[in-house]
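Could you build the full structure based on these sequences and the hints that come with them?
Residue numbering for the sequence shown follows my numbering, beginning at 1 and increasing consecutively.
Careful: at least some of the hints might be erroneous.
[Unchecked claim] Below, a list of computed lysine-lysine pairs in the DSSO-like style, where the Cα atoms sit at most 27 Å apart: (1) Lys126 x Lys90; (2) Lys367 x Lys357; (3) Lys384 x Lys345; (4) Lys344 x Lys226; (5) Lys276 x Lys357; (6) Lys276 x Lys384; (7) Lys35 x Lys367; (8) Lys137 x Lys362; (9) Lys35 x Lys139; (10) Lys137 x Lys35; (11) Lys276 x Lys345; (12) Lys139 x Lys367; (13) Lys276 x Lys226; (14) Lys357 x Lys384; (15) Lys357 x Lys137; (16) Lys90 x Lys139; (17) Lys137 x Lys90; (18) Lys126 x Lys137; (19) Lys344 x Lys384; (20) Lys367 x Lys276; (21) Lys226 x Lys35; (22) Lys345 x Lys35; (23) Lys367 x Lys137; (24) Lys35 x Lys357; (25) Lys139 x Lys126; (26) Lys345 x Lys357; (27) Lys345 x Lys226.
If you're looking for bench data, these hints aren't it; they were derived computationally from the structure.
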Amino acid sequence: MSFIMSAFAARPLHSREEFMATFIQVADELDMPDKRGAAVCAGMCAFQEAGADPWKEGIRHIWTPGNQADPCYAANPDAYPHDSEGDDGKSTGPFQQQMGANWGWGGNLGDPEGTRKRMDMYESTKLFMGHPSSGLKAKGYNASNAQTANDSIQRVQGSSFPNAYTQWWDEANRLYDQVIRNIPENPDSSTPGGNTVGFTGDPVWLEDVLREALGDRLVVAQPDWKERGTGGQMGDIWGVLIHHTGNDRETVAGIRDGRPDLAGPLSQCLITPDGKCHLVAVGPCNHAGIGSYPGVGTNNGNQRLIGFECAWPTIRADGSYDPGQRWPDAQIITMRDATAAVLKKLGYDSAHCIGHKEWATKPPNVKWDPGNIDMPWFRGEVQKDLDGFIFPGEHPPVVDPPATSPISIPPDYDQNTYLQINGRWEMLGWQTPVETLAELRDAITGSKDAGKSGFKLGAKP
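As C-alpha cells, then:
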C-alpha cells in the first residue's frame, strides 16, 4: 500500500530527521534486537508508504496523510494533525496502517483513539515495530541487506507491491547515519579512563591503519574501495569478524562481486595464504548474515563488524578438504596484525574480535568458520600484539651497539691501528711511529721539525 499523492500542505508536518530520530527512539524503548535495523526498516517503510517529493526537489519527504474513508478523520479532520490526504483503502498515517483488528490496537472502525495513533508519528512507529501480533518485533526481522529488510517489512505490511521497499535501503541508511551522529554517545562506550572509543560510519581510515601495521603485506585490490559496499553506511563499529572462504584459492573478484546467491562485496578484506591483505570495500558487506553476539545485537553484523575473509582450506580434486589443515604462518600473522590494527584504531581490546562460528550459532544458519582456529587462542595472540609483545622470529634481529672500549677509543677507529700509531715502541727507542718518522724526515730533507707539538686536520697551512 502507499497513499495517493494529494492535498499536500506547504511543508511536511515533520522533517525526515524528526521521523528517523523517532524511529531510533522507539527502537530503543522497545528494546528491538537490532535497533539500527528496526529504524532502517521503519524508514524504508515510511519512504515507500507515505513518501513523496511533490515539488521535485530531489528530496523524498515523509508525510502524515489522512483519509476521508476513515469515519473519524472524515468527521473532524482538524482533530488529527495531518499534512496531506490519501485514498488507499482506509489507510492513514506515515505507515499507511489500516483500521481493523490487526492495526487497530483498540482502534477498530470508528474508534477515534485508533485513528489518532495511526496518524501520530510516535504512536504509529510503536505500532509498526511493537504491535504484539503484527509488528516488526513479533514477525521477526533481518536488516542485514536491502532484500531481507524488504521481506521483513512486507511481513508486517502485506503490500500489493512486495518488493517496493528495497529501493529505499540506501536512503534510509543514509538518513540513519546522518541522525545518529547528532545523538550523544552512550556513556557506556567509554573506557575506564574516560576516553571515548569506537567509530561510527564507513571506516575510510582502513588503508592508513592497515598500511602502518602491515607494510607491503597490504594490497589495495580495488582503487575505488572507498566507493564499494552493499548500500548505506556502517553504523557504530563494534569490532572485527573473522571468516574463512571455504577455498584457499579465493580471489579478490569473488569477494568483490559475490556469488549468484549473495551479492558482493562479501567482506572489507581478503587475507590470502601468502600473508597478503587485499583491501576491497569500505561500506557494509554481506559477510555476517543472520546471527547475534552480546554487545553487537542481532542480524546487524554487516553494519557493525568489519569482515576479514581468509582464504582457507585447500580443496582437493574430488572436492574434499582436510578440516584439520594447518593454517599458513604468514596468513595467521597477517590476520592477527590486521585485527589488532583495527581494534587499536577503535580503542578496543581483543574481546571485540569474534569468529563467524561465534556469531552464527543457531539453525538454520550455523557456521564453523574460521575452521579449526581456536578463537580464545586467536584473541590471546591479538591481545599480545595490542600490548606490544615482540613475537620471536617475526622481526629483524636487534643488533646491540658495540661495547665501549675500556680505554675510551673512539668507536669509529680500529683499536689495533690506534695502538700502533699512538703507542711507544721499544724498537723505536720508545718513540711513537710519528716521532720516529719526524726524525727520519729531518735527516733526509734537512728540516728541523722533530719535537714540534703542532697538529691539525685538513689542508696544509
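To see whether the hints hold, each was checked on the structure:
Simply put, Lys126 and Lys90 have alpha-carbon atoms about 19 Å apart, close enough for the 27 Å limit, and the pair holds. Using a Cα cut-off of 27 Å, the hinted pair Lys367 and Lys357 holds, with the two alpha carbons roughly 5 Å apart. A C-alpha spacing of about 16 Å is found between Lys384 and Lys345, which places the hinted pair at or below 27 Å, so the restraint holds. The hinted pair formed by Lys344 and Lys226 meets the criterion: a straight-line CA distance of about 21 Å does not exceed 27 Å.
At roughly 23 Å between alpha-carbon atoms, Lys276 and Lys357 fall within 27 Å of each other, so this suggested pair holds. Of the pairs offered as hints, the one joining Lys276 and Lys384 holds, with about 21 Å between alpha carbons and a cut-off of 27 Å not exceeded. Only pairs whose Cα atoms come within 27 Å are accepted, and Lys35 paired with Lys367 is accepted, the gap being roughly 24 Å. Pair hint Lys137 plus Lys362 holds up; C-alpha atoms about 18 Å apart against a cutoff of 27 Å.
As the CA atoms of Lys35 and Lys139 are separated by approximately 15 Å, the hinted pair is consistent with the 27 Å bound. A C-alpha spacing of about 11 Å is found between Lys137 and Lys35, which places the hinted pair at or below 27 Å, so the restraint holds. The suggested pairing of Lys276 with Lys345 holds, with an alpha-carbon distance near 20 Å, which does not exceed 27 Å. Restraint check for Lys139 and Lys367: satisfied, since their Cα atoms lie roughly 24 Å apart, inside the 27 Å limit.
Proposed proximity of Lys276 and Lys226 is supported: the alpha carbons are some 19 Å apart, at most 27 Å. Distance restraint check for Lys357 and Lys384: the Cα-Cα separation of roughly 23 Å lies within the 27 Å cut-off, and the hinted pair is therefore satisfied. Among the hinted pairs, Lys357 with Lys137 is consistent with the structure: their alpha-carbon atoms are about 25 Å apart, no more than 27 Å. Taking the CA atoms of Lys90 and Lys139, the gap is about 23 Å. The hint holds against a cut of 27 Å.
As the CA atoms of Lys137 and Lys90 are separated by approximately 24 Å, the hinted pair is consistent with the 27 Å bound. For the proposed pair Lys126 and Lys137, the alpha carbon gap of about 10 Å is at most 27 Å, so the pair holds. Proposed proximity of Lys344 and Lys384 is supported: the alpha carbons are some 12 Å apart, at most 27 Å. In summary, the hint linking Lys367 to Lys276 is supported, as the alpha carbons are separated by about 25 Å, within the 27 Å threshold.
With a CA separation close to 26 Å, the supplied pair Lys226 and Lys35 stays within the 27 Å bound. Taking the CA atoms of Lys345 and Lys35, the gap is near 24 Å; set against the 27 Å cutoff, the hint holds. Between Lys367 and Lys137 the alpha-carbon distance is near 25 Å, which keeps this suggested pair within the 27 Å criterion. A C-alpha spacing of about 23 Å is found between Lys35 and Lys357, which places the hinted pair at or below 27 Å, so the restraint holds.
For the proposed pair Lys139 and Lys126, the alpha carbon gap of about 14 Å is at most 27 Å, so the pair holds. The straight-line distance between the Cα atoms of Lys345 and Lys357 is roughly 25 Å, inside the 27 Å bound, and the hint therefore holds. Annotation: proposed proximity of Lys345 to Lys226 holds, straight-line Cα distance about 18 Å (limit 27 Å).
Violated hints are absent here; each numbered hint is respected by the structure.
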